[in-house]
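Peer 1: Chains A and B, in that order, are what the protein sequence lines are. Residue numbers are given in our numbering: position 80 of the first sequence equals residue 80, and the series is strictly consecutive. Residue numbers are given in our numbering: position 337 of the second sequence equals residue 337, and the series is strictly consecutive.
You may find that some hints are simply not true.
[Said to hold, decoys possible] Once the Cα atoms are required to be at most 25 Å apart in a straight line, the calculated DMTMM-like pairs of lysine to aspartate or glutamate come out as:
| hint | chain 1 | residue 1 | chain 2 | residue 2 |
| --- | --- | --- | --- | --- |
| 1 | A | Lys57 | A | Glu21 |
| 2 | A | Lys60 | A | Asp41 |
| 3 | A | Lys5 | B | Glu229 |
| 4 | A | Lys5 | A | Asp51 |
| 5 | B | Lys17 | B | Asp41 |
| 6 | A | Lys70 | B | Glu215 |
| 7 | B | Lys233 | B | Asp201 |
| 8 | A | Lys70 | B | Asp212 |
| 9 | A | Lys5 | B | Glu226 |
| 10 | B | Lys357 | B | Glu386 |
| 11 | A | Lys65 | A | Asp26 |
| 12 | A | Lys65 | B | Asp212 |
| 13 | A | Lys5 | B | Glu215 |
| 14 | B | Lys203 | A | Asp26 |
| 15 | A | Lys18 | B | Glu215 |
| 16 | B | Lys221 | A | Glu23 |
| 17 | A | Lys5 | B | Asp201 |
| 18 | B | Lys221 | B | Glu236 |
| 19 | B | Lys203 | A | Glu21 |
| 20 | B | Lys362 | B | Asp212 |
| 21 | A | Lys5 | A | Asp26 |
| 22 | A | Lys18 | B | Asp212 |
| 23 | B | Lys310 | B | Glu386 |
| 24 | B | Lys219 | A | Asp41 |
| 25 | A | Lys5 | B | Glu386 |
| 26 | A | Lys5 | B | Asp41 |
| 27 | A | Lys5 | B | Asp259 |
| 28 | A | Lys81 | A | Asp51 |
| 29 | B | Lys219 | A | Glu23 |
| 30 | A | Lys18 | B | Asp128 |
| 31 | B | Lys221 | B | Asp302 |
| 32 | B | Lys194 | B | Glu255 |
| 33 | B | Lys243 | B | Glu262 |
| 34 | B | Lys219 | A | Glu37 |
| 35 | B | Lys237 | B | Glu226 |
| 36 | B | Lys287 | A | Asp51 |
| 37 | B | Lys221 | A | Glu21 |
| 38 | B | Lys233 | B | Asp157 |
Hint data in this document are derived by calculation from the structure and do not stem from the laboratory. Keep in mind that this is a model prediction, so the values were computed, not measured.
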Amino acid sequence: MTSYKNMPIGGRALQPGKSEEVETGDWRSFRPVVDPELCIDCMSCWIYCPDSAVIVKDNKMIGFKMTHCKGCGICAKACPKKAITMVEE
Amino acid sequence: MADLAINGDSAIALAWKQIDPDVCAAYPITPQTIIVERFSDYVADGEVNTNFVCVESEHSALTLCTASSSAGARTFTATASQGLAYMWEMLPITSAMRTPVVMAVANRALSGPININNDHSDAMAARDCGWVMIFAENVQEAYDNAVMAPRIAEHHDVQLPIMTNIDGFILTHAVERMTPLDSKDVKSFVGDFKPLYPLLDWKNPVTHGVMDGPEYYYKHKYQMVEAMENAIKVTEKVFKDFKKISGREYRLVEEYMCDDAEFVAVVLGSSYGTMKAVVDELRAEGKKVGAIMPRLYRPWPDKHMTAALKGKKAVAVLDKHAPIGAYGALYADVCTSLIDMKDAPAAYNYIYGLGGKDATAKDFRTIFEDMLAGKAAKYTFMGVDE
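Whenever a hint applies, use it, and build me the whole structure from the sequences.
Peer 2: In structure tokens, the structure reads:
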């Protein structure tokens with residue numbers, strides 16, 4: 001762990017994007033599962049995800065980042081094709 | 001500058017005018033109101049460049065101060081009693097965000113029962129919030145502390161907010177003779193505010209006030225503990241530098257006639273003056289007594305207090321607040337400084353002056369008489385009619 005001496009005072013974050021490095025998806029009770037057959041890559045899930053848990057590559061939705069997903073289910077609600085289902089962990 | 005006949009609040013406002021802070025949040029509350037009122041005159045008359053913000057509550061006042069200090073602005077405010085209580089939620093946030101806000105507190109009793117007179121229940125309830133706390137005996141010291149406060153708070157080894165306390169009405173409203181400094185001396189003494197990682201540094205974007213997990217929270221608290229400890233040395237240095245421009249010498253723990261004293265009384269604020277008069281009276285009668293005031297209250301000047309109390313027979317600690325169900329806070333602090341002392345003096349706690357109840361020289365004399373006669377008790381709630 002970082003020494004307290006090397007930490008910026010006052011809980012200041014000196015570089016942007018630091019939240020990517022912190023795993024926050026370990027208290028989920030449901031996980032989203034996408035059916036690639038139904039997905040049309042409309043990006044609704046990516047837009048609505050309150051975290052950064054939807055992985056997009058080359059304009060394609062390719063899955064979820066489980067280290068950040070809290071299992072809120074918003075993606076499943078937002079999906080116009082009902083391609084996402086919430087499965088109990 | 002020529003001497004002035006001035007009350008404590010106006011003296012603080014004068015110091016602020018000479019410092020010319022970037023931002024001042026103002027919400028009126030007796031007995032502090034004169035500070036922001038006088039200061040608003042300076043703003044209206046164009047004598048300062050301060051952004052003067054009239055907020056809708058004390059909670060907003062301190063929130064604004066914390067934010068503007070984060071942005072990189074030297075920020076002042078003032079409050080008292082219920083106002084300080086209303087700020088409470090923000091007090092530990094201001095310190096944890098390491099924003100060196102300067103706040104004058106005109107010490108006043110906390111309601112209830114409803115009371116607007118002087119005691120220390122407001123400051124003492126806020127004493128463990130990570131703020132540096134300094135007390136004044138008279139109007140001169142109220143002014144001097146106001147000049148020194150930003151230097152202590154903004155020092156990069158400290159970076160914590162500071163409360164400059166003065167006794168409500170006794171000092172805030174009473175007119176005393178006071179020697180101010182030249183404005184240019186104040187300006188160069190205080191210097192520029194050099195914030196660490198300010199939000200308005202566009203070239204180096206940072207985030208303030210992030211969520212802290214247990215591991216980081218724990219370390220950030222320890223950083224504050226170290227910073228508070230650093231405030232001891234920094235304050236001593238600031239006192240030393242202040243003597244050069246003012247000729248006035250201050251110590252973290254003030255001692256009066258203590259060298260050969262056997263019985264001493266520890267007291268905070270304006271009562272220290274009364275206590276010194278009582279010491280003079282008893283000294284004239286051949287009694288070996290002395291008075292002590294911890295000018296710096298947070299961080300607690302532990303080693304200095306231990307040194308001041310070494311070799312004494314007994315010490316009376318006067319608390320102008322009453323934690324219901326515990327001893328006075330000042331007494332508890334003094335006792336921690338006696339813990340590792342061999343043949344430590346007996347320590348007695350006296351609660352006095354709550355809600356503006358007069359604390360006279362005659363009252364204080366009885367404390368020494370108790371100790372001299374070996375009749376002092378561990379806890380005495382002074383002057384309650386049976």
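Peer 1: Which constraints among the numbered hints does this structure fail? Numbers only, ascending.
Peer 2: Of the numbered hints, 4, 7, 14, 20, 21, 23, 24, 25, 26, 27, 30, 32, 33, 34, 36 do not hold.
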